[in-house]
Amino acid sequence: MAKKKEREARHSAIVDMNDFLFNYAHKTLPETKLTDLASTLVNATKGGIHGLDDLFHDNGIGREDNFYAIGLGFVKDFYDLDGEQAKQETDKLAQEALAYLANHGNDFVRWEH
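Its first residue numbered 1, the sequence shown is counted upward by one per residue in this note's numbering.
No lab work stands behind these hints: they were computed from the structure.
Just so you know, these numbers come straight off a predicted model, no measurement behind them.
For each residue, glycine too, the CB sits at the ideal point set by N, CA and C.
Keep in mind that a hint or two might mislead.
[As the list claims (entries may be wrong)] Ranges of calculated distance between the beta carbons of each label pair, as one might list FRET restraints:
(1) Leu81 - Lys4: 14 to 22 Å
(2) Glu31 - Gly83: 37 to 45 Å
(3) Asp16 - Gln88: 13 to 21 Å
(4) Glu96 - Thr28: 19 to 27 Å
(5) Met1 - Asp54: 37 to 45 Å
(6) Gln88 - Pro30: 30 to 38 Å
(7) Ala69 - Asp107: 16 to 24 Å
[As the list claims (entries may be wrong)] The calculated DSBU-like cross-link candidates involving lysine-lysine, where the alpha carbons are at most 30 Å apart (straight line), are:
(8) Lys4 - Lys27
(9) Lys87 - Lys3
(10) Lys5 - Lys87
(11) Lys33 - Lys76
(12) Lys92 - Lys3
(13) Lys76 - Lys4
(14) Lys92 - Lys46
(15) Lys4 - Lys92
(16) Lys27 - Lys5
(17) Lys4 - Lys87
(18) Lys27 - Lys92
(19) Lys33 - Lys92
(20) Lys76 - Lys3
(21) Lys33 - Lys46
(22) Lys76 - Lys5
(23) Lys46 - Lys87
(24) Lys5 - Lys92
(25) Lys46 - Lys27
(26) Lys87 - Lys76
(27) Lys76 - Lys27
Make a model of the complete structure from these sequences and hints.
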């Protein structure tokens, strides 16, 4: 039962991370079609999460404030981790979130007019 609760909580955090990232990307990259936005985000991160900085040209605001911070908050609250342990677990969660986005990008296309 504990593993199921953890899976559900991680999934919820992953969806939140992607939701905030997708919303930020939609505002920051208005020329990108919503249906292409998930693939644009995933392609930008193929070399690492810092690829979001180059995509957004925002000195890391999208990556840090609209993606990573949400995962870090979850990790600190759910696992009661701090410092380097929290960072390592958040790094794993960020990779899981990007993998989820790659396979479920259309789930986040709901702001269409």
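The hints, checked one at a time:
Between Leu81 and Lys4 the Cβ separation comes to about 21 Å, which falls inside the hinted range of 14 to 22 Å. Under the hint 37 to 45 Å, the C-beta atoms of Glu31 and Gly83, about 40 Å apart, fit the expected range. Range check, Asp16 to Gln88: Cβ separation about 20 Å, and the 13 to 21 Å hint holds. For Glu96 paired with Thr28, a C-beta distance near 23 Å keeps the hint of 19 to 27 Å intact.
Between Met1 and Asp54, the C-beta spacing of about 43 Å keeps the proposed range 37 to 45 Å intact. At about 35 Å, the beta-carbon gap between Gln88 and Pro30 stays in the expected band of 30 to 38 Å. For Ala69 and Asp107, the hinted distance range of 16 to 24 Å is satisfied, since their beta carbons lie about 21 Å from each other. Between Lys4 and Lys27 the alpha-carbon distance is near 35 Å, which puts this suggested pair outside the 30 Å criterion.
With a CA separation close to 21 Å, the supplied pair Lys87 and Lys3 stays within the 30 Å bound. Pair hint Lys5 plus Lys87 holds up; C-alpha atoms about 22 Å apart against a cutoff of 30 Å. Note on Lys33 and Lys76: the hinted pairing is violated, with a Cα-Cα distance of about 35 Å set against a maximum of 30 Å. Straight-line distance between C-alpha atoms of Lys92 and Lys3 comes to about 17 Å, which keeps the hinted pair within the 30 Å bound.
Simply put, Lys76 and Lys4 have alpha-carbon atoms about 19 Å apart, close enough for the 30 Å limit, and the pair holds. For the hint linking Lys92 to Lys46, the alpha-carbon distance of about 15 Å falls within 30 Å, and the restraint holds. For the hint linking Lys4 to Lys92, the alpha-carbon distance of about 18 Å falls within 30 Å, and the restraint holds. Note on Lys27 and Lys5: the hinted pairing is violated, with a Cα-Cα distance of about 33 Å set against a maximum of 30 Å.
Under the criterion of a C-alpha separation no larger than 30 Å, the hint pairing Lys4 with Lys87 is consistent with the structure, at around 23 Å. Simply put, Lys27 and Lys92 have alpha-carbon atoms about 26 Å apart, close enough for the 30 Å limit, and the pair holds. Pair hint Lys33 plus Lys92 holds up; C-alpha atoms about 29 Å apart against a cutoff of 30 Å. Of the pairs offered as hints, the one joining Lys76 and Lys3 holds, with about 18 Å between alpha carbons and a cut-off of 30 Å not exceeded.
Taking the CA atoms of Lys33 and Lys46, the gap is about 20 Å. The hint holds against a cut of 30 Å. Our distance criterion of 30 Å between C-alpha atoms is met by Lys76 and Lys5, whose separation comes to about 16 Å. Of the supplied pair hints, the one linking Lys46 and Lys87 holds, its CA atoms being roughly 20 Å apart against a limit of 30 Å. Simply put, Lys5 and Lys92 have alpha-carbon atoms about 18 Å apart, close enough for the 30 Å limit, and the pair holds.
Taking the CA atoms of Lys46 and Lys27, the gap is about 22 Å. The hint holds against a cut of 30 Å. Distance check on the hinted pair: Lys87 and Lys76 sit about 9 Å apart at the alpha-carbon level, within 30 Å; holds. As the CA atoms of Lys76 and Lys27 are separated by approximately 28 Å, the hinted pair is consistent with the 30 Å bound.
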